[in-house]
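K.L.:
Take a look at the letters that make up each chain.
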Amino acid sequence: MRHFLYAAAAMAAFATPVAAETIAITGGRVVVGDGSAPIEGGTVVIRDGKIVAAGATVAIPSGARQIDATGKWVTPGVFAGFSRLGLAEVDAVNGTNDKSGGRSGFSAAIDVAPAIDPFRSPFAVNRSSGVTRAVVAPEAADNIFAGQGAIADLGADSNPVTKARAFQFAEFGEDGAASAGGSRAGTHLHFRAMLREAQDYAAGRGTFDDDLLKAEDAKALLSVLRGETRLLIHVEGANDMLRLMELKRDFPTIKMVFVGVSEGWRVASELAKAGIPVIASALNDLPATFEMLGATQSNIGRMKDAGVQVAIGMINDRDSHQLRYTTQYAGNIVSLQYVPGATGLTWDEAFAAISSVPAEIMGVGDRLGSLKAGRAADVVVWDGDPLELSSAATTVIIDGVEQPLTNRQNRLRDRYARPTEGDLPKAYDR
Amino acid sequence: MAISNTLRSAYLVLPLALMACSNAEGPKTLSATPAVKPVEKAPVAFPSTYKAYPGVATAIRNVTVYDGEGGKIENGVVFMTGGKISSVGGPDTTIPAGVNVIDGKGKFVTPGIIDIHSHLGDYPTPSVEAHSDGNEATSPTTPEVWAEHSVWPQDPGFSRALANGGITALQVLPGSANLMGGRSVVLKNVYARTIQGMKFPDAPYGMKMACGENPKRVYGSKGRMPSTRMGNLAVNRQTWIKAQEYKKRRDSGKEYTRDLGMETLAGVLDGDISIQNHCYRADEMALVLDMAKEFGYKVSTFHHAVESYKIADLLRDNGVCSAVWADWWGFKMEAYDAIPENAAILHNTGACVIIHSDDENQIQRLNQEAAKAQADGRRMGINISDAEVIKWLTYNPAKALGISNKTGSLKAGKMADVVLWNGNPLSVYARPDKVWIDGALMFDASNPKIRPVSDFELGQPGEGDVK
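Top to bottom, those sequences are chains D and S.
Quick note: the first sequence uses the numbering used here, first residue 1, plus one each step.
Quick note: the second sequence uses the numbering used here, first residue 1001, plus one each step.
If you are wondering where the hints come from, they were derived from the structure by calculation, not from laboratory data.
Predicted model, so just to flag it, every value in this text is computed and none were measured.
Where hints are given, some of them may not hold.
Stated by the list, open to error - Each pair of labels, with its calculated beta carbon distance range: (1) 1458/S / 384/D: 53 to 61 Å; (2) 1089/S / 374/D: 55 to 63 Å; (3) 1456/S / 103/D: 34 to 42 Å.
To be verified - Straight-line Cα separation of at most 30 Å, DSSO-like style, residue types lysine-lysine; simulated pairs: (4) 72/D / 1105/S; (5) 1242/S / 1298/S; (6) 1072/S / 72/D; (7) 99/D / 1449/S; (8) 1247/S / 1293/S; (9) 426/D / 1298/S; (10) 1449/S / 1406/S; (11) 1242/S / 1222/S; (12) 1107/S / 72/D; (13) 219/D / 248/D; (14) 1248/S / 1298/S; (15) 1107/S / 1449/S; (16) 426/D / 1293/S; (17) 163/D / 99/D.
What the hints assert, rightly or not - Some but not every residue of chain S turned toward chain D, in silico, with C-beta under 8 Å: (18) 1098; (19) 1102; (20) 1157; (21) 1329; (22) 1427; (23) 1431.
Beta carbons are placed, not taken as given, at the ideal position from N, Cα and C, and that holds for glycine.
With the rest of the complex left out, here is chain D (with noise of 0.2 Å):
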């Protein structure tokens, strides 16, 4: 019995997943993920694949599949503000790491899409913890832009992309300097160089005088400066936010969202001001670099305070293979309203920093990061408070789609549950 229960898990795990079906979940506390307070005993219809509506008084179709989450929590997916989902099996195994095409010779115009794996291990670890969404971007090699990054969903199929081509990425900062010659002077001067480069290209004046663009990298550069593709850019420290922030006034059609930002707090009227969104380390507190000498972890709360747009990613931190430590990041945030001195978010505005939020500031708040009417069916039943350590997710439902929990941690788990050896070697038990 227990052969067949693993063999038809493990093969739901590869399967395309059936149609949507309308699926009515009740009597839990629903969390919208708009900011708005929890709905005690509240329904959640899907249907075909979307969100019908969630509240204290909606009518459950007939011929839906009813989930009762009566003591459970149900909230949208965790959506991860910032990752390096699926380009990763073993980070330090070479051949099974595509975060960096920086040695190809291209910049601008590498695309992570086909390189995202759904089968890569990551996809069902993270989707058995309630994280639903990704941004994904590459990681700068040679250049200071690395690339075009993407939207994934987590599904169990074939196809995790949900948007290609979604933004660009950039380094600003130290990892920017190292990446233009060493000097910040140096990462300035090919940021506006790349873009000049790019008009270049576009007004048929080919002949590049410092062939810092290939063609392909004009293009995806183009489509940054005219404000269709948003342009992610690491940076940490306030100074360099500050002089990022000019440039934006010479380049007003570029839409930045800063990511990293650990001394946004200092600079952070400044940011709200220019309208510059962030996705923020949520617990960098160590003066890691030199540019990060104010890092503390009231700089979410602080920034918020001031009136930026944030939303909790993980830049560099273990961030292809634990975005489920988003949601203890957004707890220990909310930990923060309890100590004294210290500035933090409330419940409802951390959910909201790693699922609203981030799906609003990369363009998509309207079909992603919610529970309300027409967004995506990614919807999450918890046995306890999500952010709480000791809750899990019970049921994870993408696109509409019912996933499966299994992956290989817990086959190994249930293998060495007792890890002396019976009859037969465990090589024999599964």
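Position chain S against the provided structure of chain D, taking the given hints into account.
P.N.:
Okay, now just chain S, sitting in the frame of chain D:
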């Protein structure tokens, strides 16, 4: 940010600038040390100058107490005086008149948290090359180096570990580039001008060893032994053979020439220095246990032991602790089979569990890591009480470090290393409210003056911030 720091120790793929040193340098200078008579033990080198700071007799009452040894008291009292735990008990525990009394309603008390695996000080922040002092990666065996000679006492990380993690003691280890990385040092988490001022008085030394990928990659990539796991074992065994010969000579009554590396290894064979062994894979741990038997030493703890769950019975039977993360996984090949239920399966089998960090960020949240491991256990039907889980962070690491007679639990006569949490420490919403070390209040969330600021952070943006 965290990942790059992790690389230095767990993954070890950052460039090791120290490799540039000639292999001919370093240990050879030892030949200049004088021959010594046997029996004379070497004088205590670099002795601790740590002294407890003044504290006031304090009673915390009306508080939930986890005593660190698996006990829990509701509505309890913890009384400390003279730098020691004086009494721990229920609501009717006598509180002497005139002492400082703290009402702990809604709060929790635990022993100070102990991290058995840290690189604070030897890989401090800022993480600049000039601070990269954790791996003497010029030889696969460097038992002669002592981590305390690399620890920068101004690492801002000590303050974060204290204020956010309730860390009162920690073992700082050399990195894992080498099979034998050198001596560790146990510290009180109290800033001092010198490293001697931080050393935990009379704590036994440990010696770092490393299995697996790191040593074979670091040296194999330089075209020298070891370049394989079998090479790892061969170099280790050859070195232990030399150590046995050294010990024999030392104990023979004849004159002998001191050798710093051999002194440490002989200390291990004497049982005075504990082995702290970085080892991910179960099969390699089993080989190490046999190597230890071959040469007559004991492994205290396997660190980063992500596959311990596969041999939990073997580890239990050998009395070896596993120092583990809750859920780190997949960053390198030997971490591929890590599972979040590792700690729970070990505990359920009767083996010793310790939650460690190896990370200047997660050292601030060892309580949360333990809570995740507990929850993953519960979901597979292994129920471990909160009080038992606290033991993973307190008594068990103290025992593995040989300091459990001094700290690690709230027992009368022990050092008053105490954390008052503003909620259940196994909740994501809890943070340290106050931390005492040897009865001295070293962190108080309500008093910005009782929050340490290292020299490095003085005059910098965010000086004295809540962090």
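K.L.:
Check each numbered hint from earlier against the structure, then list the numbers of those it violates in ascending order.
P.N.:
Hint check: 1, 7, 18, 19 fail, others pass.
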